[in-house]
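Peer 1: The hints should help you fit chains B and C onto chain A, whose structure is shown.
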Amino acid sequence: MSPFATLLARDIRLAARSGGSAALALSFFALVATLVPLGVGADLHLLARVAGGILWVAAVLAALLSLDRLFQGDFEDGSLDVIALSPLPLELTALAKIMAHWLSTGLPLTLLSPLLALLFNLPAPATVILFVSLLVGTPAVSAVGAIGAALTLSLKRGGLILPLIILPLLAPAVIFGAGAVSLALDQLAPQNALGMLAAFAFAAVLLSPFAAAASVRLNLGG
Amino acid sequence: MQFIFRYANPHEFMRLSGRVLPFTAIATAACLAAALYLGFSAPPDYQQGRTVLILFIHVPAATLAMGVYGAIAVCSLLSLVWRHPLSDIAARSAAPLGALFTVLGLVTGSLWGKPMWGTYWVWDARLTSFLLLLFIYLGYMALWNAVEDETRAARAAAILALVGAVNIPIIKFSVDWWNTLHQGESLMSGKLAPVFLAPLLLMMAGYALLFLTLWMVRIRTAILERRARSLMQG
Amino acid sequence: MNFDMGPYSVYIWPAYGVSAVLLIGVTVWTVAAWRRARAKLAGLEKRGPSSRPRDMASGT
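Protein chains in written order, with my numbering: chain A, 9 to 230; chain B, 31 to 264; chain C, 2 to 61.
Excised from the complex, chain A in its bound form (with noise of 0.2 Å):
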């Protein structure tokens, strides 16, 4: 296998076997869908205008929640600076990561969405949408979320900046994606606004791993 796979594959093993970082992010994912309706009440025309956002930001929350570990746990035990000093880059060191934080959190969550849609009374078209444009989307929180990591992993208590860090940062995402569900909801045309939070997608993927693995050398004391 080449390095790159091995340590995508690697580190898929890992986030399974911790506690199951998927089962977290669903877990939470869920408990969110679940809360809120009991917060805004049971109003099912509401719950629908409010479903795009809603399990947006509850995704994105949820996908936040194994972030903080994403380079922690290789700086912790040295093996980051083992990785470091491979042959494989360390950008691509960094997109290996970025998709397996994907594999184990955001595809899982785009996966349940329909279900949750169900409770928010969301349309059919409406939730084709919605797991479209978190399928397209959550790679984005990743990525970014990867920056967030490398830039805190040596901070202890990391994890309470890394949210106020990223999220700003996140806000297209949300937007694009939750505007695209709004608008299939009023059956207007979702495609620009998918289109959109594509491209952000697309170049938050393809520069994200040198913001990440240039923050994990300046902490690695490279």
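Source of the hints: derived by calculation from the structure; they are not laboratory data. It is possible that part of the hints are untrue.
To be verified - As a list, the in silico EDC-like pairs of lysine to aspartate or glutamate whose alpha-carbon atoms are at most 16 Å apart:
1. A:Lys164 - B:Asp179
2. C:Lys41 - B:Asp154
3. B:Lys202 - B:Asp154
4. A:Lys164 - B:Glu178
5. A:Lys164 - A:Glu99
6. B:Lys144 - B:Asp154
7. A:Lys164 - A:Asp51
Peer 2: Same frame as chain A, but now just chains B and C:
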């Protein structure tokens, strides 16, 4: 480029800023005083009435909020790429000032919006972008405080500032789009009559000079603090 | 100068008030921090041996 590096020497910076400071301080006071006088002497605006007075302090605060972040981004670039020694200090010193201007922009924008649109908070594109900008400032300052080693903190903050700088136009664009989607109100439509231009520009100059003055003092303070720390360490 | 704001005074004065308080406040804070740093450095230099290159505090 040589010009910048000449003042990379802290001693040179202390010398230059020490000479320039009295002038910027006086100029600040003069501009602000003149702006206030002209502003309060002007007649009410045809459309906005006396609330145009709020615009005089909203626009400078908002402009500086963004401008200061630009300055931080430039300093961060200098720090990361050219290892300009003072730029770390400069970036860190500017941040609380930028955050303050953002808060002022939000407060004055909200107070301007209430008589115009009826509510204190309007999710218009500008105010919303500003709220996000405030969080970006807070995250930047938090990162500086969280990382213990100062050199690492400087480089981490520089990376964050640059990532933010790339992201801010995207955020602005997405919020503008979101605003049209949900048919929000536009806070700043229409032109300003010429009689209001003079006080506005003077206020803008006053705010900018105030920032420069305070920025220089903060950088000087940081230089002295560094010197004191190195003395204490032996 | 005309200070009659009519119905808008409840918005205009707080706007100017908050701006003034915050701007004056940050100025005071900045100057105070400078004075503190200068005093501290002067104190340290008085105590320590003067085998350092330059006296930073006199660079004002």
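Peer 1: Against each hint, give a clear statement of whether it holds in the structure.
Peer 2: Structure-based check of all given hints:
Proposed proximity of Lys164 of chain A and Asp179 of chain B is supported: the alpha carbons are some 13 Å apart, at most 16 Å. For a cut-off of 16 Å, the pair hint linking Lys41 of chain C to Asp154 of chain B is broken: about 47 Å separates their Cα positions. Simply put, Lys202 of chain B and Asp154 of chain B have alpha-carbon atoms about 11 Å apart, close enough for the 16 Å limit, and the pair holds. Distance hint between Lys164 of chain A and Glu178 of chain B is fulfilled; the C-alpha atoms sit about 11 Å from each other, no more than 16 Å.
Restraint check for Lys164 of chain A and Glu99 of chain A: the C-alpha separation of about 24 Å exceeds 16 Å, so the hint is violated. The hinted pair formed by Lys144 of chain B and Asp154 of chain B meets the criterion: a straight-line CA distance of about 13 Å does not exceed 16 Å. For the proposed pair Lys164 of chain A and Asp51 of chain A, the alpha carbon gap of about 43 Å is over 16 Å, so the pair is violated.
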